[in-house]
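2 protein chains.
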Amino acid sequence: MALHIALDAMGGDRGPEVLVSGAVMAVRESALEISLIGDQGRLKAILATHDHPSSRIHLVHAAQVVGMDESPFDAIRKKKDSSIMKAFSLHKEGMVDAVVSAGNSGATMAAALKLLGRLEHVSRPGIAGIFPTLKGPVVMMDVGANVDCRPEHLLQFGVMASAFSQVLFGLNRPRIGLLSIGEEGGKGNILVKKSHELFQQSSLNYIGNVEGRDTFQGDVDVMVCDGFVGNVCLKLSEGLAEAVMGMLGEEISKSFKAKLGYLLARDAFVSFKKRVDYAEYGGAPLLGIQGNAIICHGRSSGVAIKNALRVASEMARNKVNDRILQLLALDHLLGQPDDSPSTLTAASGVDP
Amino acid sequence: MALHIALDAMGGDRGPEVLVSGAVMAVRESALEISLIGDQGRLKAILATHDHPSSRIHLVHAAQVVGMDESPFDAIRKKKDSSIMKAFSLHKEGMVDAVVSAGNSGATMAAALKLLGRLEHVSRPGIAGIFPTLKGPVVMMDVGANVDCRPEHLLQFGVMASAFSQVLFGLNRPRIGLLSIGEEGGKGNILVKKSHELFQQSSLNYIGNVEGRDTFQGDVDVMVCDGFVGNVCLKLSEGLAEAVMGMLGEEISKSFKAKLGYLLARDAFVSFKKRVDYAEYGGAPLLGIQGNAIICHGRSSGVAIKNALRVASEMARNKVNDRILQLLALDHLLGQPDDSPSTLTAASGVDP
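So the protein lines, in turn, are chains A and B.
In terms of this note's numbering, the first sequence opens at residue 1 and continues consecutively.
In terms of this note's numbering, the second sequence opens at residue 1 and continues consecutively.
Calculated from the structure, these hints are not laboratory results.
This list has only true hints and no planted wrong ones.
Cross-link-like lysine to aspartate or glutamate pairs, in silico, EDC-like; alpha carbons within 20 Å at most:
{"hint": "1", "chain 1": "A", "residue 1": "194", "chain 2": "A", "residue 2": "152"}
{"hint": "2", "chain 1": "B", "residue 1": "273", "chain 2": "A", "residue 2": "251"}
{"hint": "3", "chain 1": "B", "residue 1": "259", "chain 2": "A", "residue 2": "267"}
With the sequences and hints as input, model every part of the structure.
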């Protein structure tokens, strides 16, 4: 049976046109069914401008929209008929297999937690960022949902990201590293040192501490860190990649010869840009909830949305949550209740 | 009177030849006096291969060398006649105005703390990283000396980096940002939220939270963070810049046209590389000690060493420590004793 994904068609910085175009691309390239959630009149008009297999795109009306800067708490409490709440309601009712949103990421997390809840045995759901490297992709978790963590939270991030990496990238035993400031186990802050001991005792394919410079080498499949460090890394990488291209562009524009050279090398630049583009995986999976969700960048392109819809469907098809539970069982992490405060407080700081 | 800098001529990954060449460049381009500390016979032989104004380069023998991977504790306890210990001894005796080392950075910090001690009123000396941006340089502190911090430590990092930025870059009121995961003051982990309040009450030109993506925009002059986050950022940036250039190179090498284009644009690439090269400032100043010291990258080039010698001399000439004490006084931070453990435990994780 074809999988069915709900797309919050009102979220994001670039308006519903871009989101709808992503959905149209997705149904063209796959057998997916997609429900566009939002202002029905507006979405219908946008959809009419596309040539699409209409039988697999559905419109679901939602009267409200959560703004990008709204408080997640207020949003989910007051805007029960918002596109993001509606999307997760459909998921809860079993009408769709996954949710994709490029809207307010704190509200997306909050809505997922409120309507779907945490996956049993998971203390802290988190967000997994996917980075391109010189070889395959690397998954970093958490990149913003949980800013203050305990060692057992980091271990669970390792388990969840490992399951995701197995399911999405077909890795049998993903190599797990703990992000630290030196490769020796004795290096790092208190959190990392204690987590290192936990990881060593786990059944994960733990390769030890890794450093920031290892992120883009492709010699580690999963990097574990708290959500503060991960979010800083995510945004620093984004900023640095932009600055590097900006500075290179400035240098090139200084001479005619260099500009000519750039034109000749243009295809290489385009391939390069595609390679480092976050759009390849579309967004960051929210792991540890009773369902499947992808949080996309607010500035997502149509291609990014299309790819996020694909990744969301793969998470559902390959039952990433079953895999997470299996891996948690291996490390006897099932059945340990966690009384830490809800992750909602942190979610407001998330903008992957 | 000409300033006199001690260079640990045995430290680093690339051997004394590179370090000596940096010193020779420095005396050619400035009025500096430099003492090369290390194996006198070997240094003399290397120096003989250079055409240099010999009256301003001195040789000081040290029989031992601290290895790059040695424990800083053991090194400073057991190798009292090492080049790095000798360099700081000279500084302590007032024979030199500053120390530059590309050797074991943990041992460099440990030696500085043991022989020179902390600057009065400074709780935690730290390492300031200097990053190139689209506009001027940005100073990030701490980048690795103190992995677990309290809010008052972060405030002092802000003060010290601010003083450095005033003295080195001639900024009157450097803009200070607290590295966090959202611009609003309510965002961040517990440490950042508490620090935000302290910074708001301070006399610093505090512009609020900044994010990782702001690092390379040049709209903030000083970014404050704990040494764990800072060190991760430093190494991530280094790794990403290398990976970006590596991936771009791979794409360019795929076609003849692109290779030709690259050759035409080569000057732009060279200028670009120079612009993002950490070598421009030579290394990372160690701030908060009773003296002046620069910790260089183990892989430093001769140019990086030359620049580090220049920055070290500017720190001494412009009395960065007096400025630090003035700024601490402004915020009534003088005279508060701090009983936190020595930073030595953290120093072993440092490798800027």
